Amino acid sequence: MAAAKEIRTKIRSIQNTQKITSAMEMVAASKMRRAQERMRAARPYAESVRRVMAHVRLARLEYRHVYSIEREVSSVGYIIISSDRGLCGGLNINLFRSALESISEWDEKGASTKFGIIGNKGLGFFRRFGGDILCQATHLGDAPQISELIGAI
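First residue of the sequence shown: 1, per the working numbering; consecutive thereafter.
To be clear, the hints were calculated from the coordinates, so they are not data collected in a lab.
Just so you know, these numbers come straight off a predicted model, no measurement behind them.
Warning: the hint list may mix true and false statements.
What the hints assert, rightly or not - The list that follows gives simulated cross-link-like pairs (lysine to any residue, SDA-like), each with its CA atoms no further than 20 Å apart: (1) 109 <-> 70; (2) 31 <-> 85; (3) 109 <-> 98; (4) 5 <-> 17; (5) 31 <-> 95; (6) 114 <-> 138; (7) 114 <-> 103; (8) 109 <-> 85; (9) 5 <-> 15; (10) 31 <-> 139; (11) 114 <-> 131; (12) 114 <-> 95; (13) 109 <-> 77; (14) 31 <-> 84; (15) 114 <-> 128; (16) 31 <-> 90; (17) 114 <-> 127; (18) 19 <-> 35; (19) 109 <-> 140; (20) 31 <-> 140; (21) 114 <-> 78; (22) 31 <-> 143; (23) 109 <-> 131; (24) 31 <-> 81; (25) 114 <-> 73; (26) 114 <-> 92; (27) 114 <-> 150; (28) 109 <-> 97; (29) 114 <-> 132; (30) 114 <-> 76; (31) 31 <-> 91; (32) 114 <-> 71; (33) 114 <-> 72; (34) 31 <-> 83; (35) 19 <-> 8.
Please construct the entire structure, taking both the sequences and the accompanying hints into account.
Shown next as structure tokens:
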């Protein structure tokens, strides 16, 4: 009799866990949708900036800005933007894998790498990785303000 009661308790516990997981999934989907909408809204601005920069670069050929002169690369900087919390492991893992591939390419060329990290997961990963972390920003929330990042990065 006690075994049947334990089984019913276990079943209820699993059902409650399923409800919580389902609710968390809906919240995550909603946040992802909002983030995608903000990204789509920023695309026209990014395209305009690219067009302006291309126009400025071609406008006065006699003037050469120091950033437009090609030179040998001795140091590479990365700004890594990851999540603060878990529940999106695939996103962070793919980000870190891609970054490590790029870092190894620059290491082969003899360039040093430095990092600006946004997000707890990225900070933890690159601390374990042993990267040269110049700056960091964590716990920014779902809609960070640019003013929170200016000093850090």
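Here is how each hint holds up against the structure:
1. At most 20 Å may separate the alpha-carbon atoms for a hinted pair to count; residue 109 and residue 70 meet this at roughly 16 Å.
2. A distance of roughly 14 Å separates the Cα atoms of residue 31 and residue 85; the hinted pair therefore holds under the 20 Å criterion.
3. About 17 Å separates the Cα atoms of residue 109 and residue 98, which keeps this hinted pair within 20 Å; it holds.
4. Among the hinted pairs, residue 5 with residue 17 is consistent with the structure: their alpha-carbon atoms are about 18 Å apart, no more than 20 Å.
5. Proximity of residue 31 to residue 95 is assessed by CA-CA distance (about 19 Å); at most 20 Å being required, the pair is judged to hold.
6. Using a Cα cut-off of 20 Å, the hinted pair residue 114 and residue 138 holds, with the two alpha carbons roughly 18 Å apart.
7. Pair hint residue 114 plus residue 103 holds up; C-alpha atoms about 10 Å apart against a cutoff of 20 Å.
8. Proximity of residue 109 to residue 85 is assessed by CA-CA distance (about 34 Å); at most 20 Å being required, the pair is judged violated.
9. Our distance criterion of 20 Å between C-alpha atoms is met by residue 5 and residue 15, whose separation comes to about 15 Å.
10. The suggested pairing of residue 31 with residue 139 holds, with an alpha-carbon distance near 16 Å, which does not exceed 20 Å.
11. A C-alpha spacing of about 7 Å is found between residue 114 and residue 131, which places the hinted pair at or below 20 Å, so the restraint holds.
12. Between residue 114 and residue 95, the direct Cα distance comes to roughly 16 Å. Compliance with the 20 Å bound is thereby established for this hinted pair.
13. Distance hint between residue 109 and residue 77 is fulfilled; the C-alpha atoms sit about 14 Å from each other, no more than 20 Å.
14. Proposed proximity of residue 31 and residue 84 is supported: the alpha carbons are some 14 Å apart, at most 20 Å.
15. For a cut-off of 20 Å, the pair hint linking residue 114 to residue 128 stands: about 14 Å separates their Cα positions.
16. For the hint linking residue 31 to residue 90, the alpha-carbon distance of about 16 Å falls within 20 Å, and the restraint holds.
17. In summary, the hint linking residue 114 to residue 127 is supported, as the alpha carbons are separated by about 12 Å, within the 20 Å threshold.
18. With a C-alpha separation of about 24 Å, the suggested pairing of residue 19 with residue 35 is violated against the 20 Å cut-off.
19. With a C-alpha separation of about 35 Å, the suggested pair residue 109 and residue 140 falls outside the 20 Å cut-off, and the hint is violated.
20. A C-alpha spacing of about 15 Å is found between residue 31 and residue 140, which places the hinted pair at or below 20 Å, so the restraint holds.
21. Distance check on the hinted pair: residue 114 and residue 78 sit about 6 Å apart at the alpha-carbon level, within 20 Å; holds.
22. Straight-line distance between C-alpha atoms of residue 31 and residue 143 comes to about 10 Å, which keeps the hinted pair within the 20 Å bound.
23. Between residue 109 and residue 131 the CA atoms are separated by roughly 17 Å; this keeps the pair inside 20 Å, and the hint holds.
24. Restraint check for residue 31 and residue 81: the C-alpha separation of about 16 Å stays at or below 20 Å, so the hint holds.
25. Restraint check: the Cα-Cα separation between residue 114 and residue 73 comes to about 13 Å, which is no more than 20 Å; the hinted pair holds.
26. In summary, the hint linking residue 114 to residue 92 is supported, as the alpha carbons are separated by about 19 Å, within the 20 Å threshold.
27. For the hint pairing residue 114 with residue 150, the CA-to-CA distance comes to about 18 Å; that is within 20 Å, so the pair holds.
28. The straight-line distance between the Cα atoms of residue 109 and residue 97 is roughly 19 Å, inside the 20 Å bound, and the hint therefore holds.
29. Under the criterion of a C-alpha separation no larger than 20 Å, the hint pairing residue 114 with residue 132 is consistent with the structure, at around 5 Å.
30. The hinted pair formed by residue 114 and residue 76 meets the criterion: a straight-line CA distance of about 6 Å does not exceed 20 Å.
31. Proximity of residue 31 to residue 91 is assessed by CA-CA distance (about 14 Å); at most 20 Å being required, the pair is judged to hold.
32. Proximity of residue 114 to residue 71 is assessed by CA-CA distance (about 19 Å); at most 20 Å being required, the pair is judged to hold.
33. For the hint linking residue 114 to residue 72, the alpha-carbon distance of about 17 Å falls within 20 Å, and the restraint holds.
34. Simply put, residue 31 and residue 83 have alpha-carbon atoms about 13 Å apart, close enough for the 20 Å limit, and the pair holds.
35. For the given pair, residue 19 sits about 17 Å from residue 8 by alpha-carbon distance, which is consistent with the 20 Å threshold.
Of the numbered hints given earlier, the model fails hints 8, 18 and 19; all others are met.
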